[in-house]
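Residue numbers (my numbering), protein chains in the order written: chain A, 1 to 253; chain B, 1001 to 1191; chain C, 2001 to 2324.
Hints in this document: simulated from the structure, not taken from any laboratory. Mixed in with the good hints there might be a few duds.
[What the hints assert, rightly or not] Residues from chain A shown here face chain B by an in silico Cβ test under 8 Å; the list is partial:
no.	residue
1	72
2	94
3	108
Predicted, not measured: the structure shown is a model, and the values here were computed from it. Virtual Cβ for every residue (Gly too), placed ideally from N, Cα, C.
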Amino acid sequence: MTPALSVENLSFEFASGAPALRSLSFTVDAGECVAVIGPNGAGKSTLLLHMNGILPERAGKGDNGCVRIHGRAVGASEAGWVRRQVGVLFQDPDDQLFCATVAEDVAYGPEQLGCPRAESDQRVARALQRVGLAGFEHRVPQQLSGGEKKRVCLAGLLAYEPNILVLDEPSAGLDPRARRELIGILASLPVTRLIATHDLALVAELCSRALLLDRGALVASGPSKELLRDDGLMRAHGMECPNRDLPGHLLAT
Amino acid sequence: MSSIHRASAGLKLGVSLALIVGLAALPAERAWWGLGALPWLLLVAKLARLSFKPLLRRWAFGAPFLLGAASLAWFQPHGLAAAAALFSKSAICLLILQLLASTTSIVELTRTLRSVHAPPVLCETIVLLARYSSLLGDEARRMRRARAGRTFHTSRIREWQALGNALGLLFIRTVSRAERVQNAMRARGGA
Amino acid sequence: MHIPDGFLSARVALGYAGLSSLGLGVACYRLRARRERGASALLGVSAAFVFAAQMVNFPVAAGTSGHLMGSALAGALLGLPGALVVMTAVIIMQCFVLADGGVFALGANVFNMGLVGCVVGYCCYRLLCGRAPSPTRRVASVAFAGWCATLAGALSCAGQLSLSGAARLSVVLPAMLGVHALIGVGEAVISSLIVASVLRFRPELLESNAQGALAARPRASAVYAGLGLSIAIAGLLAPIADAAPDGFSRVTQALGLHSSTASPSLAPFLHGVPGVVSGVLATVLAGCAGTLLLFGLCWLLALALVPRPRSTEPSRGAVVESSG
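Use the sequences and the hints to build the structure in full.
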């Protein structure tokens, strides 16, 4: 069975020459929820931007490995198809909410796909319902709270129904209630999910598997609860010891 | 939302322009006819449920500039009359524009622009401008507060330096944000 | 420099609106030809920046304050077509949100601050930069270009007011030029500070502009500059260009434009005053000397702003901020 997402020997350097990713290889099966954890500067965001072809900006910088979505390699010629399959939730919702109203923003994806007006309106309504923001169509992004903005961004992705969701720090900056609501929404989605996060409680609750990145290299991968229980490993890579801090039931198998 | 707010932006814009053009066409001796529009404008403000005090305050904020500009007309024969005519015309026009601004949102404005086939790149720029200007303003305020928290003694030169540095940094952040927004657009644009 | 409604006559407002629409149309056409999806992101967010920056007031003389115009800066950072779109968007927003500048006067305001400001600013900047300029030269060029753009815009504005019969040219011209010569200094300082920051942290933005996304190609830019300058000159000098005031009033009578308000009084300014030729020459020479002095000051400013390269500068160029 072809994995939904497959990364083979992915390497990437910044324009200044500093290495960001070093020969990463992993796969994600359809429907799985996998976390990418690691200290700041580990390369989590950079990795996520490779999932829908935004990086590398210019192809052909030598053999830099390969990212495959449902078996098809991500490259310039496949950009349109890939972006329809993979939805990326960026870290700062203000970067992603660039339209004048909520309805317009959520409709952006479907409209780019060529959906007729009536259908895109329906998709917008359904997506907003999914994230618990029904009736927010005419609201203006500037008036929304952080949690609401994040949920509108998520609705904007759900509106064009990608098979794979890639999320960069989804719970960052959310208050406990907004965070709980977001976790609930993410748990209910059947699609493949790749989540980069510092929120280890979220990892323990949502993600079956975790990938530990440090300085661009994949240091460990396996069932998330096992990884989180390994105090030595966590400490060695600049992470707090969740085994000590998280409620016991989260890490129980 | 009053009926004025709900009216189409094109209609409001058209009526405003017609009034302003009419006022512009009035020769100096008949400029005081423009004052006849005042009761109608106040009625519109009432219908739009706009409170008079903030409206008046905003108008009073812009009026001195009109006075200054109108005074340029003083240095010619019948200068005082000419200056007064200019001031009265422009004062009424300012009120018309402020009523328009208070009852029309940028969203409606861009929709109207799009419907008259204004260039798409201009419309998109306006939408993004409206979307991000308050955000930039907030960022600028946060930077200023953070800097003020560590500033103990300022001179004029330092103020200018601080201003310049802040604006420079703000522009750098602007460009970074533009790149991230561009990525977000491409991520959902499929191209 | 935002002209409110009520000062411009209908014909002047419409005429300049026509010119501005033409210029804007050309700019949008050039942008569309080179547009990739999302390129409007940079224009839009930059427009937000210019809008925000224009709200900052700085004192120029007792009681007067000025603010950034941004045309030359936008030209240096975004290229000429992009800068024109950005300035137009900003002026439109200011009109409809802040009621700053009139709706009917939009065309004239876009002409002054958009077309004239950007064309004069950009051409000055590119001409002064030459090929592969040093950072100091770039900063000095943008400072001087900013000052020139401000003055050019003020000149055009004065012309429009005079053409509309709102004020005599002999009154409004020195007033506008005088105040804006000072405001232009603020513009020069702020533009140069911003460009110096960009050069320090993201120099590739200015280099890529020279060949890439939004700027014109070298040969095309010469044509552009020529065309743009001729439009600017036509617009700027329209009120002054008629050396035959009689001809002007003949035309206005034929068109039925003659009204009881004072028509632009160029006659006493240019016509029949003894020694006016030498007076004009003297003014021109003084202007040139002052301009050269100002350029020298801009160079000094640039020298002060651009740091000497250090080996310990942090590496730049990351698209992704290192937060994961």
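Going down the list of hints, with the structure as the test:
no.	hint	in the structure
1	72	violated (15 Å)
2	94	holds (6 Å)
3	108	holds (6 Å)
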